[in-house]
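Given chain A, put chain B in place with the hints provided.
2 protein chains.
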Amino acid sequence: MDVSALAQSVIAGDRRALARAITLVESAREDHRAEARVLVAEVAKSGREALRIGLSGTPGVGKSTFIESFGCFLTGLGLRVAVLAVDPSSARSGGSILGDKTRMERLSRDPRAFIRPSPSQTHLGGVARRTREAVALCEGAGFDVVLIETVGVGQSETMVAEMCDLFLLLLAPAGGDELQGVKRGIMEMADIILVNKADGDLKPAALRTQADYAGALRLLRRRPQDPEGFPKALAVSALEENGLAQAWDEMERLTAWRRETGHWQRRRTEQARHWFEEEVRHSLLARLAREPLRGLMEGLGAAVGRGERTPDEAAAELLAHLGR
Amino acid sequence: MDVSALAQSVIAGDRRALARAITLVESAREDHRAEARVLVAEVAKSGREALRIGLSGTPGVGKSTFIESFGCFLTGLGLRVAVLAVDPSSARSGGSILGDKTRMERLSRDPRAFIRPSPSQTHLGGVARRTREAVALCEGAGFDVVLIETVGVGQSETMVAEMCDLFLLLLAPAGGDELQGVKRGIMEMADIILVNKADGDLKPAALRTQADYAGALRLLRRRPQDPEGFPKALAVSALEENGLAQAWDEMERLTAWRRETGHWQRRRTEQARHWFEEEVRHSLLARLAREPLRGLMEGLGAAVGRGERTPDEAAAELLAHLGR
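Listed in order, the protein sequences are those of chains A and B. So in our numbering, spot 103 of the first sequence is number 103, and the numbers just go up one at a time. So in our numbering, spot 242 of the second sequence is number 566, and the numbers just go up one at a time.
Because the hints were derived from the structure by calculation, they are not lab data. Worth double-checking, as some hints may not be accurate.
Said to hold, decoys possible - Stretch-level coverage of chain A by chain B, calculated; a stretch enters the list once three of its residues show a Cβ under 8 Å from a Cβ in chain B:
{"hint": "1", "region": "39-47"}
{"hint": "2", "region": "130-144"}
{"hint": "3", "region": "270-277"}
{"hint": "4", "region": "305-318"}
Think of the CB as a built atom: it goes at the ideal place given N, C-alpha and C, for glycine as much as any other residue.
Chain A extracted, bound-state conformation (with noise of 0.2 Å):
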């Protein structure tokens, strides 16, 4: 494959080849890693840069419906939205996440937004460095927004959280005034609460829930990377287009002020960071999988399951083999 050539598609906007290069990067053959190595690192020479915004929330809140509201509003502004799913479970659920393009009808039609579903891939470490690469790859494409969605497991969001700029967290509005089963971690994570449904029926609850975390959140110290009044909770309806507008001020209003600070950079140069020492990581333990490692574990292991080594005597001699 040449690589430079598809490179250079990407920077140029070619739709195909941005598809064709997440593909690749999705891929787990080793002569596809080294090739995505290098696409990844000639796409990143454009220099671009998008807002990187993560969006979680459990089923039911209506995620494709914001994302299809939302995503439609942006590019109505004359931005260009690109759509990328973290779904580690989809090879179990039958890839329910954005599987299905018909929920995103309108966004799907727009030549200003690319929507890429999740992979099947169970493995966490993999589908990390694929949506990651897939953002990098998004943003030298020339993208003014990635929208990186995850469905509400605990580690799928702390993921997320580590690869965007800015973390949303969509809820629906709660029965009554008690909130949410939101971890608290997760809750921390946010920068922006958008409870949805403030439509037809559900606005009173809607607005009461959004209040009920207002109250929370004020509740929480102040992180360095917020200006006052940050973390907050808005209410939007995905469904009547309402609250939209709103919702982006306060993001574009955030942004600016983390860009004005510092902040921003910070945070990505030190993303940067956690991601180079994860993938060192996660290398390093793929090669246990790996012959000749694979079999010496294996017949290592056995003689540790039949009492003949302890399990750290045996472990010395593995990583004997491994040199210093």
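Showing chain B alone in chain A's frame:
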């Protein structure tokens, strides 16, 4: 240090030698690690096995009182009992767990008992290895029962469950008829649930809680390693020393069944393999924190942070230094 002589003293039942041996396995120094590995292997040659009992329970359920009562009950039967603690948070909390032997005054003066507080370590991987090796040393020293106490935190529970033959969950009586917030995962690890404080005013609540849990356990699918009727819930009073004999009977019954059916040995084999693999992973990643990789990682991480390299290019370069 004469490691062989120390190993022989441990096997001969010398308590001071055992304490010194555990101190050695707790050390993170590399020369100590090498000695510890030889020591554990030497002691393992005794071929002795204890019944390893894991004990979990959140603060306030009376764990110290239970260990004191149950430990003395066992020594009263003529058994030798070692008590170890796993507390990955002890460095922060100031070592509340078993830090104060005065809470087990009777047991700590009992010549058939050996109590070892948790060392101050923050690293869960280090705590796991230390505890596992301390268990092996206690077995070699001829103890019949090794009690491994842990705090009610998910990760340390899983770790203890991976190194014991029986797992006990200690609970306090619940206020109403509802189950306490015990994580499903922890409940599924438990072989026997003990509702403590079945004495005085709390006795009716304890019996009700015991009945609730017995009902809940019947709803779980029977695990292959359990005979009919297990896992089971019992009410005990550590304070009044009631129910301890029945609890011990059930533990013996369960152990006998597992020994007969081969589950006991199979579990030990799987656990040994698990710890071998964990040790390999842990040691492999530990290399990243040592020179020359540490310095290399620092330099490449800085380049990634400045955007001069992609995370994956830099990772590939680092790994190339590790050879195949």
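Against the structure, the hints come out as follows:
1. Counting residues of the region 39-47 of chain A whose beta-carbon sits less than 8 Å from any beta-carbon of chain B gives 3, enough to reach three: the coverage restraint holds.
2. Under the rule that three or more residues need a Cβ within less than 8 Å of chain B, the assignment of the region 130-144 of chain A holds, with 3 such residues.
3. Evaluation of the coverage hint for the region 270-277 of chain A: fulfilled, as 6 residues show C-beta separations to chain B shorter than 8 Å, against a requirement of three.
4. For the region 305-318 of chain A, the stated coverage by chain B holds: 12 residues have a C-beta nearer than 8 Å to a C-beta of that chain, and at least 3 were required.
In summary, this structure violates none of the numbered hints.
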